[in-house]
Amino acid sequence: MLSRRIIPCLDVRDGQVVKGVRFRDHVVMGGIEELAVRYRNEGADELVFYDISASPEGRSADPAWVSRISEQLDIPFCVAGGIRSVDDARRLLFAGADKISINTPALLRPELISEIAEAFGVQCVVVGIDSQWQDGRWCVYRFTGDPTRTDRAAVDTLEWVARVQELGAGEIVLNCMSHDGVRRGYDIEQLQAVRKLCKVPLIASGGAGEAAHFDEVFRLADVDGALAASVFHSGALPIPALKRQLQQQGHVIRS
Amino acid sequence: MIDVVLLESGGANITSVRAAFSRLGIDATMTADPERIRRATHVVLPGVGAARAAMDTLRGNGLLALIPTLTQPLLGVCVGMQLLFEHSEEGDTPCLGLLPGRIRRFDVADQLRVPHMGWNQLVRIRPSALTEGITNDSFAYFVHSYRADVDVNTLAECDYGQPFAAVVGNGRVFGAQLHPERSADVGARLLRNFIGIGP
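Line order of the protein sequences matches chains A and B. With the first letter of the first sequence counted as 1, position 63 gets the number 63 in my numbering; the numbers rise by one all the way through. When you read off a place in the second sequence, starting at 1, and then add 255, the result is the number in my numbering.
Careful, some of the hints might be misleading.
Stated by the list, open to error - Stretch by stretch, here's where chain A covers chain B in the computed footprint (C-beta under 8 Å, at least three residues):
id	region
1	295-303
2	315-326
3	373-379
4	394-404
Read the hints as simulated data drawn from the structure, not as lab findings. Where a beta carbon is used, it is the ideal one built from N, C-alpha and C, also for glycine.
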C-alpha cells in the first residue's frame with residue numbers, strides 16, 4: 001500500500017540550513033548536504049529545501065547546491081524559492097530536483113503552472129499555498145517570505161485549490177499560516193476542506209509539535225504527507241520514533 | 256569491466272540516475288552516440304515527463320532504430336520503462352514495442368489520487384536476477400500517472416487501485432516503473448543487480 005510521507009522541510013540561506021521563528025532571527029543549523037543525509041538516514045521519505053532568500057533577492061534557488069544534494073540523496077526532494085519561469089524550473093530539475101514548488105509566482109501568473117507541467121510533466125509541479133481563515137473564509141496570502149510585503153490574494157483558498165489542479169499541479173502543499181511555528185497541531189479543519197477538493201496528493205504543513213499531531217492529520221484529514229521543520233530540527237521528535245509510533249497506530253509508513 | 260551508458264531521452268532524471276550509479280562506484284556515460292552505445296556492457300533508458308516527448312527525443316537523437324538492435328542488458332526507468340511497450344495512451348504514442356502491451360492511465364473513477372506519488376510496496380511474482388534480494392513488501396518510490404498491466408513479463412507488482420507492473424523483464428530487456436535513483440536501499444539493490452546481469 002501507498003505509505004504516508006514524513007517530510008522534513010529545510011530552510012536554506014547562503015548555502016546553509018537555517019531556522020527562524022516567523023521568518024525572523026535565523027540561526028544556522030548546519031550544512032545542507034550534512035543535514036540532508038542525516039534526515040535521509042533517519043528515515044525521512046522526502047525532503048523539501050526552501051531557499052528563503054531567493055525570492056526576496058529576485059533570483060531562484062541555486063542549482064549548484066541542488067546538484068550536490070542530488071549526488072548524495074537517494075530519496076526524492078523538492079526545491080522551492082523564487083521559481084518564476086520554465087527556465088528557472090529547468091535548471092533545478094536538471095540539477096537533480098525531483099520536484100519544484102511554486103507559490104507567489106503562480107498567483108501572479110497562473111499560466112506558469114501549465115507551462116512547467118507541459119514542459120516536464122505534472123509530477124514535478126508542486127503548488128505551495130499559504131492560507132488562513134480571515135473574514136469568514138480561507139484566504140490565500142502572497143509574498144509570505146517577506147513580512148513587509150505579505151498581502152492577501154484576490155482568490156480564496158478553495159477556489160485556488162481547484163484552479164491549480166486544472167492548470168496542472170501534481171501536488172499541493174497547504175501551509176496553514178495561523179498554525180505555523182506554534183506546534184499545537186495541524187489545521188485539521190482547513191485541511192479537511194481542501195482534501196475534499198484535492199484529487200492530487202496533498203501535503204499538510206504548519207503546526208506539527210508532537211507525534212500525535214501526525215496521527216491526527218493522517219487519520220482526520222487523509223493527507224498524503226505531513227511536512228514539518230522545527231519539530232525535527234530541534235530534535236524534539238526523532239523520525240525513527242515518530243515512524244514507529246505511527247506504524248503501531250496502524251498507519252502505512254515506510255520503515 | 257562494467258560500462259554503463261544512459262541514453263539521452265530528454266528526461267530530467269538522467270543526472271539523478273547517473274548519480275545513483277556513481278554511488279555504486281560506476282561512472283555511467285550519458286550519450287546519444289550509436290557507436291558508444293554499442294560498446295557499452297549495460298544500457299539504461301531513463302525518462303520522466305511525457306511519453307511522446309521522450310519518443311521524439313529518441314527519434315531526433317537517431318536512437319529509435321538502434322535500441323531494438325542492442326544485445327546488452329537494457330533497463331528502462333519510469334517513462335523509459337513505458338517506452339519499452341507497444342503503445343502509450345499518453346499522447347496516443349506508438350512506443351518501441353520491445354515488450355507486448357499497452358500503457359494506460361490510472362483510472363481516476365475509483366477515487367485514486369493521480370499521479371501515484373510516494374513510497375509503495377513491491378511484491379515479487381517471478382524470480383529474476385534483477386529483483387534478487389528485494390524482499391516482498393519493501394517500499395520503493397513511484398511518481399507516475401500511467402501504468403503497465405501485470406502480465407507474463409511482470410517480475411514485481413505494486414498495488415494502486417489495482418495491481419500494476421512495477422518491475423518487468425523479458426530476456427535482456429528490463430524495466431522499472433519505480434525510481435531506483437530515489438528508492439534508497441531498494442533502488443540501489445535493483446541497480447546493483449542490473450549491472451550484475453551478464454551480456
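Original post:
Which of the numbered hints are not met once you compare them with the structure shown?
Top reply: 1 and 2
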